Amino acid sequence: MAATHVLFVEDDDVIREATTLALERDGFEVTAAPDGLEGLAAFRARQPDLALLDVMVPGLDGVSLCRRIRDESTVPVIMVSARADAIDIVLGLEAGADDYVTKPFDGAVLVARIRAVLRRFRAAGGDEDRDGAPQLSFGDIEIDPEGMEVTRGGERLALTPTEMRLLLEFAGAPGTVLSRDRLLQRVWDYEWGGDTRVVDVHVQRLRAKIGQDRLETVRGFGYKLRA
8 MAATHVLFVE DDDVIREATT LALERDGFEV TAAPDGLEGL AAFRARQPDL
58 ALLDVMVPGL DGVSLCRRIR DESTVPVIMV SARADAIDIV LGLEAGADDY
108 VTKPFDGAVL VARIRAVLRR FRAAGGDEDR DGAPQLSFGD IEIDPEGMEV
158 TRGGERLALT PTEMRLLLEF AGAPGTVLSR DRLLQRVWDY EWGGDTRVVD
208 VHVQRLRAKI GQDRLETVRG FGYKLRA
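The sequence shown begins at 8 in my numbering and counts up one residue at a time.
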């Protein structure tokens with residue numbers, strides 16, 4: 008079985024080399040690039056299984072690189088930021104990233120986050136057993152859990168794997184308020200506490216695609232899908 012291929016874009020030589028070695032020790036194949044333009048070229052040439060992008064890299068910054076990747080692919084993207092700055096985090100998530108980590112990061116935690124993202128990506132791609140799962144309808148929204156397709160008014164929507172997992176979680180309990188912690192556990196596969204901003208930004212991205220009125224915010228509790 009081929010090793011999971013990670014594209015790592017990082018301009019700091021020490022961090023790039025140390026992280027590459029750590030990922031390789033855990034069985035990943037790594038292509039490392041020192042700037043965004045080389046990262047984009049490597050992405051197009053190698054078609055990695057996951058992209059790990061530092062926010063502040065020269066040539067083409069990590070957020071812009073994430074947007075370029077997202078224009079071409081649904082491959083999982085994790086942003087890396089030197090600061091736990093809300094602006095950096097939100098910009099990365101709004102650009103289409105699935106998750107983020109902040110420096111300095113523990114190698115074991117980084118690997119766990121990568122594997123969690125890959126698990127939900129593969130599940131959204133059809134690895135989970137959904138044989139015979141019924142079609143779901145919510146107004147003009149049609150969800151095919153088996154075919155992993157969503158249409159709105161007959162037009163197919165382009166959802167990322169994370170957005171698909173999030174929508175299926177809501178669709179499985181229409182009218183039920185789902186807390187951010189539950190969504191972190193069920194969608195992001197976090198068995199530990201996570202940053203709920205990840206949930207909030209992805210809900211906003213999903214709303215933009217399925218309709219702003221479909222997902223209702225229940226202040227102090229979470230979100231629910233209007234039945």
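Rather than coming from a laboratory, the hints here were simulated on the basis of the structure.
Only a predicted model underlies this, so the values are computations on that prediction, with no experimental measurement involved.
Certain hints may be false.
If you anchor each label on the Cβ, the simulated ranges turn out as follows [stated by the list, open to error]:
hint : residue 1 : residue 2 : range
1    : Arg159    : Arg90     : 31 to 41 Å
2    : Gly227    : Ala48     : 21 to 31 Å
3    : Ala25     : Val184    : 12 to 22 Å
4    : Lys110    : Thr203    : 42 to 52 Å
5    : Pro141    : Asp20     : 15 to 25 Å
6    : Pro65     : Asp220    : 17 to 27 Å
7    : Val97     : Arg53     : 46 to 56 Å
8    : Gly66     : Arg214    : 26 to 36 Å
9    : Asp220    : Arg193    : 32 to 42 Å
Yeah, the Cβ is synthetic: ideal placement off N, Cα and C, and Gly gets one too.
Here's how the hints hold up against the structure:
no.: 1; hint: Arg159 x Arg90: 31 to 41 Å; verdict: holds, 37 Å
no.: 2; hint: Gly227 x Ala48: 21 to 31 Å; verdict: violated, 47 Å
no.: 3; hint: Ala25 x Val184: 12 to 22 Å; verdict: violated, 43 Å
no.: 4; hint: Lys110 x Thr203: 42 to 52 Å; verdict: violated, 21 Å
no.: 5; hint: Pro141 x Asp20: 15 to 25 Å; verdict: violated, 53 Å
no.: 6; hint: Pro65 x Asp220: 17 to 27 Å; verdict: violated, 42 Å
no.: 7; hint: Val97 x Arg53: 46 to 56 Å; verdict: violated, 29 Å
no.: 8; hint: Gly66 x Arg214: 26 to 36 Å; verdict: holds, 33 Å
no.: 9; hint: Asp220 x Arg193: 32 to 42 Å; verdict: violated, 23 Å
When held up to the earlier numbered hints, the structure conflicts with 2, 3, 4, 5, 6, 7, 9 and fits the remainder.
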